[in-house]
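Peer 1: Here is what each chain is made of, one letter per residue.
2 protein chains.
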Amino acid sequence: MSLVVLGTVALDHVKTPAGERKEMLGGSAAHFAMSARLFTGVEIAAVVGRDFPLPHLKFLKRKNVNLDSLVMSDGKTFRWSGEYQKNDLNTAVTKYTELGVLGTYIPKPVDHQRKASHVFLANFDPDLQEQFLSHFKTPQLIGLDSMNLWIATKQKSLRRLMKKVDLFVANDSEARALTQENNLIKAAQSLRAMGPEMIVIKKGEHGMLFLGPKDMFSFPAYPVDKVVDPTGAGDTFAGGLMGYLSRARKVDGATLRQACVYATTLASFNVQGFGMEKTAGLSMSAVEQRKKALEKFFSLKKS
Amino acid sequence: MSLVVLGTVALDHVKTPAGERKEMLGGSAAHFAMSARLFTGVEIAAVVGRDFPLPHLKFLKRKNVNLDSLVMSDGKTFRWSGEYQKNDLNTAVTKYTELGVLGTYIPKPVDHQRKASHVFLANFDPDLQEQFLSHFKTPQLIGLDSMNLWIATKQKSLRRLMKKVDLFVANDSEARALTQENNLIKAAQSLRAMGPEMIVIKKGEHGMLFLGPKDMFSFPAYPVDKVVDPTGAGDTFAGGLMGYLSRARKVDGATLRQACVYATTLASFNVQGFGMEKTAGLSMSAVEQRKKALEKFFSLKKS
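Sequence order for the protein chains is C and Z. In terms of our numbering, the first sequence is residues 1 to 303. In terms of our numbering, the second sequence is residues 1 to 303.
There may be inaccurate statements among the hints.
[Stated by the list, open to error] Result set (DSS-like, lysine-lysine): computed pairs, CA atoms no more than 27 Å apart in a straight line:
{"id": "1", "chain 1": "Z", "residue 1": "K296", "chain 2": "C", "residue 2": "K296"}
{"id": "2", "chain 1": "C", "residue 1": "K301", "chain 2": "Z", "residue 2": "K214"}
{"id": "3", "chain 1": "Z", "residue 1": "K226", "chain 2": "Z", "residue 2": "K86"}
[To be verified] A short, non-exhaustive set of chain C residues, derived as facing chain Z with CB atoms under 10 Å:
{"id": "4", "residue": "E23"}
{"id": "5", "residue": "V110"}
{"id": "6", "residue": "D252"}
{"id": "7", "residue": "G253"}
Think of the hints as simulated: they come from the structure by calculation, not from any bench. Cβ coordinates follow ideal geometry from the N, Cα and C atoms, glycine included.
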């Protein structure tokens, strides 16, 4: 089994009540991979510029992230800068975005990746996501993420793409924006009617909601009493979800629940440090330990 | 065991996207009792005016709610009118409040109630809550609710009272306002440091969070895809919680979890109809059925 993710590899400048970090390794594909690598081999399709720090590349390789489809182009690496306020750590206020090489990148998997069993299309221009997807032969599971920008500017493309994927991941505000439904249960049902068999709505501090053909379930988030930097939490969640499903090789109800608990667990580590500070050093045993604590947190049994 | 609740019995005028209702039986004590009666005998301390419709009184009696401490005074019954918008069914916009007899009411339990094992002080002026509480001999469990009005205008009184209660129930915005903490885990810890051994934070559609001396747990809300009228959901939750604890006669971890699942279940019925439309007709078997569905909703096991 193999997992390919299309997304961004970026240099982030983040300011939160806990501090400020510049030129951090970030981007949806990088956060996704840092989480998925704990479960399975993961391959990144993304672009960086000539200015991209080599230590970041070495770091990703050292974490067993395959970079065969990471393109280095003439120009500057995609940069994002955001700030979070004390009273709303769920919402980033974007300070600036420098597309750089991302503006002209046409993503394409290398040949051996075309047989990948699992493909995840992290937040990206939906037309390019669809084009990228067309290169794959017969993936068993295709996951998709998007963002408010594309819902506002390319909703037609996004909706066309949604018909081609199995699993759609959105946060609550995206789910509401795309469906025009405030009630999240209705929003999930409405998203599912758009095509994907499985819908995951990420609710930040309130956990997640899953809706599938036979299943609906919801778990709370792991209780984190100090959020340092939520950047990448959604991608970390998606990486855990797809990574676990790729390893499990099945998508029955019990497996999906396990995947969502792992995803929730991974996301909780992500928010406790800047960038990948907490996820980069994670061992599976640390993950398992917190997963057990999370399961206890919403268990009816007191142990 | 016996459960006494101090609160309001009101006539509500509510407008929601699902419709409008006038002169409905409402108020914190009434909603609380309609939920708690499913588990235990419950006695209301409240005031109504001479204009209070007798059918409402008969209705409460028929539901086995004890009205020995329901006072009928010269004047008009407390009236509240609120409206909910489609895009935020969690927040009522108050249209008007007519205090009427509530403005001069000094609550006091009748003699036989002074030995009550369980007392709940629903949202009320904290000075009067404290005065009311002083009449009880040695309750095993005292619960307290409040609201943003008292947090803003009588916080000193509220904080003094919090030191005298065992269980404090707040919704997320109240918890944040009282603690000045945006993070709900921290807010719960901070509330607990103010005195009550047990804290329940109600999160509306996102479920609830419990923090006790040995326990912290969280359950999602039952998935309701059409909220008709959320008025009284918090009181219905508190009624289920205190009603179950009163019947169980203990407060260990497993019992508290059961109490919170029942409370969450009851609240889900409340929001599906105007006023007490859905809770008034409830049988325990309907409650048990939905409680099972709720437990399945956040279970790791697929059944």
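Peer 1: Are the hints correct? Go through all of them and say.
Peer 2: Hints, one by one, checked against the model:
1. Note on Z/K296 and C/K296: the hinted pairing holds, with a Cα-Cα distance of about 15 Å set against a maximum of 27 Å.
2. Taken as a hint, the C/K301 and Z/K214 pair is honoured in the structure, with Cα atoms around 13 Å apart against an allowance of 27 Å.
3. For the hint pairing Z/K226 with Z/K86, the CA-to-CA distance comes to about 11 Å; that is within 27 Å, so the pair holds.
4. Of the supplied interface hints, the one on C/E23 is violated, with its beta-carbon coming no nearer than about 28 Å to a beta-carbon of chain Z, more than 10 Å.
5. At a threshold of 10 Å, the smallest CB-CB gap from C/V110 to chain Z is about 37 Å, leaving the interface hint violated.
6. Interface hint at C/D252: satisfied, since its Cβ lies 7 Å from the closest Cβ of chain Z, which is below the 10 Å cut-off.
7. The interface hint given for C/G253 is met, as the beta carbon of that residue sits about 3 Å from the closest beta carbon of chain Z, less than 10 Å.
Going through the hint list in order, the structure does not satisfy hints 4, 5.
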